[in-house]
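Trainee: So the sequence lines, in the order shown, correspond to chains A and B. If you're matching positions, the first sequence starts at 1 in this note's numbering and goes up one per residue. If you're matching positions, the second sequence starts at 1 in this note's numbering and goes up one per residue.
Hints may contain errors.
Said to hold, decoys possible - Covered stretches of chain B (in silico footprint by chain A; criterion: 3 or more residues with CB under 8 angstroms from a CB of chain A, positions within the stretch not fixed):
hint	segment
1	36-50
2	101-113
Stated by the list, open to error - Below, simulated BS3-like cross-link-like pairs (lysine-lysine); rule was C-alpha separation at most 27 angstroms, straight line:
hint	chain 1	residue 1	chain 2	residue 2
3	B	Lys-14	A	Lys-38
4	A	Lys-114	A	Lys-70
5	A	Lys-3	A	Lys-70
6	B	Lys-14	A	Lys-102
7	A	Lys-3	A	Lys-102
8	A	Lys-16	A	Lys-114
Calculated from the structure, these hints are not laboratory results. Virtual Cβ for every residue (Gly too), placed ideally from N, Cα, C.
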Amino acid sequence: AQKVTQAQTEISVVEKEDVTLDCVYETRDTTYYLFWYKQPPSGELVFLIRRNSFDEQNEISGRYSWNFQKSTSSFNFTITASQVVDSAVYFCALRGLTGGFKTIFGAGTRLFVKA
Amino acid sequence: NAGVTQTPKFQVLKTGQSMTLQCAQDMNHEYMSWYRQDPGMGLRLIHYSVGAGITDQGEVPNGYNVSRSTTEDFPLRLLSAAPSQTSVYFCASSYRRDRELEQYFGPGTRLTVT
């Protein structure tokens with residue numbers, strides 16, 4: 001069975017602080033894909049990044065960075081110098097090779113960035 | 001391209017009523033899915049389809065039916081609505097040929113069952 005755990009339900013930071021959102025996953029597949037999505041207060045789901053299980057290279061995109069560690073089954077997301085516009089719910093998701101084409105989401109982490 | 005569209009945006013039903021949530025995509029995506037979003041529970045997969053004529057159950061399929069007669073459309077049917085089905089429903093689609101590709105989500109349908 002596949003599972004995604006986002007243990008942090010809510011995080012509150014002050015603008016310009018760095019914040020890391022944790023994601024731990026479980027899968028028996030040796031090939032799998034991980035995703036992060038953002039859901040701002042307006043409600044739509046916005047794709048942020050994808051990573052396959054063979055690519056452990058960390059990625060940086062502006063103030064966003066992702067740390068993928070297969071050894072700990074984690075795919076953490078860091079926002080550097082957070083801004084009020086970063087306030088949103090962030091979801092981590094997993095898609096394996098077994099079980100069809102299903103993508104399983106974590107419960108999400110709600111991030112509040114205060115001015 | 002309109003992307004993934006969902007109708008209606010809002011709906012109020014009484015217990016026992018039936019309705020269909022519509023989802024359409026114009027990107028020729030083979031894979032489509034329905035999720036429900038409830039506070040503290042993230043997005044839970046209801047049903048999904050890997051192509052026209054093929055559907056399968058997700059994590060929480062009870063109380064919902066789907067069909068996929070065309071590549072473009074993937075309606076979700078509630079046969080007898082219950083208050084437990086009050087939720088926000090998202091439809092999503094993606095290419096099947098590359099599992100690495102992300103899903104595109106519709107704007108959601110907010111359903112209230114009284």
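Trainee: Under the constraints set out in the numbered hints, which ones does this structure not fulfil?
Mentor: 3, 4, 6
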